[in-house]
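Peer 1: Next come the chains, spelled out residue by residue.
There are 2 protein chains.
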Amino acid sequence: MSDVKLLSTPVPPGGTIGILGGGQLGRMLAMAAARLGLKTHIYSDEKDAPAFQVCDAHTVAPYEDEAALAKFASVCNTITYEFENVPAKAASVLATIKPTNPNAKALAVAQDRFDEKSFVTGLGLKTAPFAAVNSVDEAAAAFARIGGPSVLKTRRFGYDGKGQAKVKSAEECKAAFASFNSVPSILEGFVSFDFEASVVAVRGADGQFAAYDPAENIHENHILARSVVPARLTAKQVADAKAIAKKIADALNYVGVLGVELFVQKDGTLLVNEIAPRVHNSGHWTIEACITSQFENHIRAVAGWPLGSTERHSDAVMENLIGEEAADWKALAAKGGGLHLYGKSEIRAGRKMGHITHLKPRSS
Amino acid sequence: MSDVKLLSTPVPPGGTIGILGGGQLGRMLAMAAARLGLKTHIYSDEKDAPAFQVCDAHTVAPYEDEAALAKFASVCNTITYEFENVPAKAASVLATIKPTNPNAKALAVAQDRFDEKSFVTGLGLKTAPFAAVNSVDEAAAAFARIGGPSVLKTRRFGYDGKGQAKVKSAEECKAAFASFNSVPSILEGFVSFDFEASVVAVRGADGQFAAYDPAENIHENHILARSVVPARLTAKQVADAKAIAKKIADALNYVGVLGVELFVQKDGTLLVNEIAPRVHNSGHWTIEACITSQFENHIRAVAGWPLGSTERHSDAVMENLIGEEAADWKALAAKGGGLHLYGKSEIRAGRKMGHITHLKPRSS
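The listed protein sequences derive, respectively, from chains A and B.
Last residue of the first sequence? That's 364 in the working numbering, and every number before it is there in order.
Last residue of the second sequence? That's 728 in the working numbering, and every number before it is there in order.
The set of hints was computed from the structure by calculation and includes no laboratory data.
Glycine included, every Cβ here is placed at the ideal spot set by N, Cα and C.
Be aware that a few hints might be false.
Covered stretches of chain A (chain B as the covering partner; in silico rule of three or more C-beta atoms under 8 Å from a C-beta of chain B) [claimed, not checked]:
(1) 45 to 56
(2) 62 to 69
(3) 237 to 250
(4) 309 to 317
(5) 333 to 339
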């Protein structure tokens with residue numbers, strides 16, 4: 001990929017960060033960039049993307065529109081994105097015009113569950129047992145190896161529980177594969193774990209690395225409901241979690257913030273569940289509890305600035321506001337926490353509408 | 365003023381806050397509104413106002429353009445401003461169309477130093493000695509009463525030390541008055557004080573009141589250089605400072621954030637120096653050290669929302685970045701604090717370019 005543009009000098013105040021994607025993550029990235037005196041240009045295929053309300057300029061066009069992408073890239077100093085499912089072609093069009101981070105390798109790994117798990121185990125890190133399922137025969141063979149119950153997932157574009165099926169037999173595994181229209185899939189073994197945690201980390205353009213304290217995450221209906229910091233982890237587990245994130249970030253020559261989702265087993269073992277090459281929902285608490293939020297650190301990294309501190313001055317509990325949970329905004333506003341509403345015009349079931357963060361004095 | 369529109373219901377998420385003024389205060393107000401899912405429309409007479417970079421919509425027009433003001437008001441749910449020198453005519457045009465806060469009385473009091481001091485002493489609060497100077501004869505009489513050295517100031521539109529002259533005799537007082545083109549002025553006696561402090565407070569549409577802990581302020585060249593929280597005040601002085609702000613806010617039937625600048629005398633007496641009917645530079649530390657910043661609380665108040673907590677979770681030192689102090693932004697970014705750059709395209713001497721806030725664990 002000799003055509004990829006690398007960031008040679010930091011983007012100065014007044015420069016423009018291009019952000020692909022105009023949802024709440026793009027919105028919070030834009031607000032973080034503005035704190036630093038940087039302008040943002042948001043590119044989204046949605047007409048009323050929430051991030052348009054807080055940016056200097058925006059483009060509405062499909063992610064496949066190469067002319068629009070090229071025009072967008074031409075007016076930005078550097079480019080990033082708020083979601084991992086950026087079409088590879090779009091990313092490569094952008095990357096030949098302006099520095100684009102996180103890089104193509106990070107995107108590729110995060111877009112394919114099998115490649116992701118293979119990459120992670122290749123680094124000597126642990127995951128749940130897994131096997132590729134590219135045919136009906138492989139479905140049966142994979143089940144024979146992994147056992148049940150286990151979960152068949154499509155390799156690509158899985159999000160918040162869509163494209164997943166729990167299977168208890170080889171027959172169910174084959175049927176699930178067929179129900180996915182036989183797209184390349186992965187069978188993952190169930191692992192018993194105590195709780196889920198995540199570590200949000202940042203790697204700068206110069207390789208500088210920093211990680212926030214891991215959060216303990218509670219999911220409901222396959223959507224993050226709550227993140228609690230500190231997580232119930234020993235000092236060694238905290239250090240291990242950060243080391244896992246560093247190993248991944250270094251191996252990807254990553255620039256920006258990444259989230260690494262972990263399963264914490266009863267015996268203390270940390271298994272890598274997923275890599276998110278972007279700011280992460282479980283890192284929203286950093287807005288209130290750290291001097292530099294995950295959003296600002298992502299902007300600092302992709303703009304070539306020195307990273308900000310990831311130190312936590314307070315304990316935090318972040319609660320997502322999903323669908324109707326955001327309807328009574330007056331009651332939420334009176335609750336006393338740090339309330340964030342995402343500027344979405346319509347409440348829909350399962351839609352992330354906002355979040356609220358409560359702080360407590362730092363306990364550990 | 366029976367034509368004034370009052371806020372009868374809160375502005376819901378998705379509603380638009382109109383902000384007159386597009387400098388750093390308007391910019392930080394817009395970002396605070398966005399956190400709550402509110403849109404902002406910025407009105408400024410400057411073509412490249414910094415706040416335009418973070419708002420949903422903007423208008424460029426003179427503050428005297430009544431048609432533009434009316435059009436602006438028609439697309440907003442409620443209106444506020446970032447500076448106190450809003451032309452009275454502009455404020456009254458807006459207030460007949462949409463709720464406009466802080467109200468006309470607050471503006472009038474803050475725009476005239478003599479009215480301001482008269483209002484404050486009328487509440488039983490203390491100020492430096494003062495006298496009106498509307499003629500050469502009054503200049504001499506005022507000096508005879510107040511003594512010297514003292515400071516002659518124009519009654520209106522003083523800002524960061526402009527339109528002020530130190531006088532040591534009746535002759536100097538008369539000459540200074542003439543040098544101000546004989547505009548209505550005020551002679552203020554020097555008072556000895558230990559340090560300057562300020563209290564930033566907020567009053568909701570329902571009369572609810574809350575105040576942040578007072579800051580100790582250090583000025584250089586008549587511009588705020590640094591605010592330190594907590595100030596060197598006793599618990600009683602802190603309570604007194606907040607009570608002063610409450611008395612003023614209640615008397616004005618004020619809605620929004622106001623800053624009250626105080627002189628702290630050696631014997632502990634608090635003198636009111638100035639009222640700022642807006643978010644205040646000495647309250648910028650609240651972005652990092654409180655769950656609800658002064659900017660968000662101003663938006664909450666003018667939008668008719670419940671106020672957020674003014675509690676301080678950390679100690680803070682806020683340093684303004686004036687003129688060339690913002691030039692080495694790479695070094696500032698590496699300093700580890702909460703860095704804010706205001707998106708101003710040109711560094712000029714004396715211009716507020718940004719600020720940086722450092723936190724420490726709460727000491728008291």
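Peer 1: Honestly, which of those hints from before does the structure not fit?
Peer 2: 2, 3
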